[in-house]
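Novice: In order, the protein sequence lines correspond to chains A and B.
Take 1 as the starting number for the first sequence in our numbering and just add one per residue.
Take 1 as the starting number for the second sequence in our numbering and just add one per residue.
Hints are not guaranteed to be accurate.
[Claimed, not checked] Here are the in silico distance ranges between beta carbons for each label pair:
1) GLY60(A) with MET82(B): 25 to 31 Å
2) LEU36(B) with ARG409(A): 25 to 31 Å
3) ARG5(B) with PRO24(A): 24 to 30 Å
[Said to hold, decoys possible] Over 10 Å on every C-beta distance to chain B, these chain A residues come out as not near it, computed from the model:
4) SER117
5) ARG123
6) ASP165
7) LEU216
No wet-lab data here; the hints were simulated from the structure.
We put the CB at the ideal spot given by N, CA and C, even for glycine.
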Amino acid sequence: MSRELLVVTGLTVRRAAHGEVVLPATDLRLGSGEVVAVTGASGSGKSSLLHALLDTLPTGLYRAAGTVRWRGQPVLQGRSARRWRRARCGYVGQDPALALNPLWSVERLVGEQFTGSRMDRGRQVREVLDLLGLPDELARRRGSDLSGGQAQRVALARALATQPDVLLLDEPTSALDESTRRRVVEAVRARRDGCTLLVTHDPYLVSALADRVVDLTSPLAGTTPGVRRPVAPTSTTGGFVATGRTSAAVRPADPGPADQPPDAGAGSGDRTLRLAVRGLRVTRPDGAPLVENVHLDLTSGSWIAVIGPSGSGKTSLLHAIVGRRPAGHGQLLLGGRPLPADVRQRDRDQRRAVQLVGQHPAGELNPAHRVGNAVARPLAVLHGLGRRDRTGAALRLLDAVGLAAELARRRPRALSGGQRQRVALARALAAQPDVLLLDEPTSALDPASAGTVLDLLERLRADGLAILSVTHDPAVAARADQVLHLRDHQLVAADANGSPTDTDNRMEESGAR
Amino acid sequence: MTRIRWGTVAPVAAVTVVGLALLGRRLAPHDPEQPLAVPWSAPSGRLPLGADALGRDVLSRVVAGGANLLGVALAAAAAALMIGVALGLLAGWWPTRAGRVVHWLGDLLLAVPALILALVLAVALPGAAAVVVASVLSGAPLTARVVAAQCGTVRDSGYLHAAVERGEGGPAVVVRELLPALSGLVAADAGLRLITALQLATMLAVLGFGPQPPDADWALMLSENLPGAALNPAALLAPAVLLALCALLFAAAARAAGRRLEGVA
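I would like the entire structure built from these sequences, with the hints used as guidance.
Specialist: So this is what it looks like as structure tokens:
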């Protein structure tokens, strides 16, 4: 048996305002060389556990009980915890893109702790980047100029660079594809001594790395139980907004069973073309090409998944379609009519028709707005619902994505990453779009919550919603009826299980569709 | 555990002090302008804070003397804040056109020292109006600059994009999304504006540009009671302590309000 390094007993976190328990008393033991994985439903206090351990709980939460011991010595809250975490700990948070200084170069971000000459630092930084599959040229880029997956790996590189005794990782692979995830696993395995605490929803990561698993699933206030729960048919689709309005935007409720095979529901009914993308060219802000010549046909009820290495331009493609960052070349057609490239030139119905759910749960919600109001807002703007109607509809939408009604009165700061992600989805659905663009829709979700969300999308799709999702999650790709791989600036068809490795050379010439 | 919740105590205390000060005269135990004792009498049972240069009750004068000063400071701070926030949002949301004009105007105003500006205005305008105008001219550019800078970081957030993409118009985005997201900053800045306005009003009054004797006024009391500081220190300390207390409470209350608005507390 290995030496025990870190012993946590009875660690409890409460909310300062109402004393509500965020993390029930939790024990942990980490031995030298051990990797312990923490799993549990979204909102079960996984991130709070890491923060409590490090004594970095955000304002509004406090450690109500419990002790942390390092090599037998207690780590007291305050100054000694600060010294301990500076000397011993490496931490990668859930939203690394927000944690990296946007003005620093990657070399400086990763190499901040290196002592020695500039040349040495550059070499060591490149070694760490290489270990995680990041190209050398990335070292010169700024923190603000990284894709979600790149930022995540740079944050990990930054933590690994100091060779910490304790490595704490909060969802370190949520934005990474299969092959990059393997590199992360190898990088963590290569740590000779010290211990690692890993918060993740990713079963692959757990099985590949974890010596032991701690499951925090105890149903807490405001969290759905960690059981996969089918949503009642009445609370879905048209039911959200069926409050006496007979607008064309309100789709009839579909009582169809949720456990149909993915393609069966989508294949039936009319397959009108919702959104056509013709020859779109997506570039980086500096003009470097990211994706060339994109052709997509999003028919009603279709689900296209785009996979591809991190930094290949998947998010930029979605931003171009929604009009956030207009593409230089190419055409968008919405229901056969041209759709302006810039969202500011689209009319209200065109804006309603295309909705995007973004990648970073922390940045998607206005910190000042209560969740219920955020979800209700599109119903007021786009569908003219009165206050009472839209409050009820917002609660039904939150319920449909698996969030309890009492969360509606909270502000985003009091939600977990997975809960925020689902609120952002509920808000996009409130607009009742024809085309839903999803950027890593399940990156912060545990398998059960992800299942709820994917089942919901499946049912909406049976009612005619077209979905384009960018994902690394095989569970999401498995639901799609077409998987496209983005590589070498081209969208190419991938085979059914989403791995393009054998076919892509062949398909490269034909382009997508 | 029983922790003192400064987040609740500070705003309540600030509002109480301002409320009492504005009620002022009606709460005073004696007529603040009537000589009641020998000049510079030390504190006694009848006059808890003693008497001033003319033998008037210091306690009554302190109770009555905040209304004017705080009223002027509040009005000046509110004007500076509202104008500053409006200009800041304008500059932050349309950084190229409106932004350039706002920054240029701000630079111009900030180039003039605030104290000199206030003195010049005090010669031309009544004291209260001078405080308001000087506070707007020197404070609003600072507020505008901070707000505009913070707009820059919020502009590119997912929720602002989402608002545009669901069809909110420009004013709705600015008022419903941008302003609430900046509310914490605005509240903190409100505290700052209030304190500087209070200092400005005090300074002009001490220099004789505000209320005139025999009015009861904290700032005026500072200059009137300075010569007798050795005989009755309470006459000098009471208004000074109250001015400092108000500044502290305003700062703490603004901080607490900011945290509340940002959803931290």
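Novice: Would you mind marking each hint as holding or not holding in the structure?
Specialist: Do the hints match the structure? See the list:
At about 30 Å, the CB distance of GLY60(A) to MET82(B) agrees with the hint of 25 to 31 Å. Evaluation of the 25 to 31 Å hint for LEU36(B) and ARG409(A) yields a failure: the beta carbon distance comes to about 57 Å. Take ARG5(B) and PRO24(A): their Cβ atoms lie about 25 Å apart, and the range 24 to 30 Å holds. Residue-level check passed: SER117(A) sits 35 Å from the nearest beta carbon of chain B, beyond 10 Å.
Every C-beta of chain B lies more than 10 Å from that of ARG123(A), the closest at about 34 Å, which supports listing it as non-interface. With a minimum CB-CB distance of about 32 Å to chain B, ASP165(A) clears the 10 Å threshold, and the non-interface call stands. The beta carbon of LEU216(A) sits about 24 Å from the closest Cβ of chain B, which is more than 10 Å, so the claim that it is off the interface holds.
Hint 2 from the earlier list is the only one contradicted by this structure; the remaining hints agree with it.
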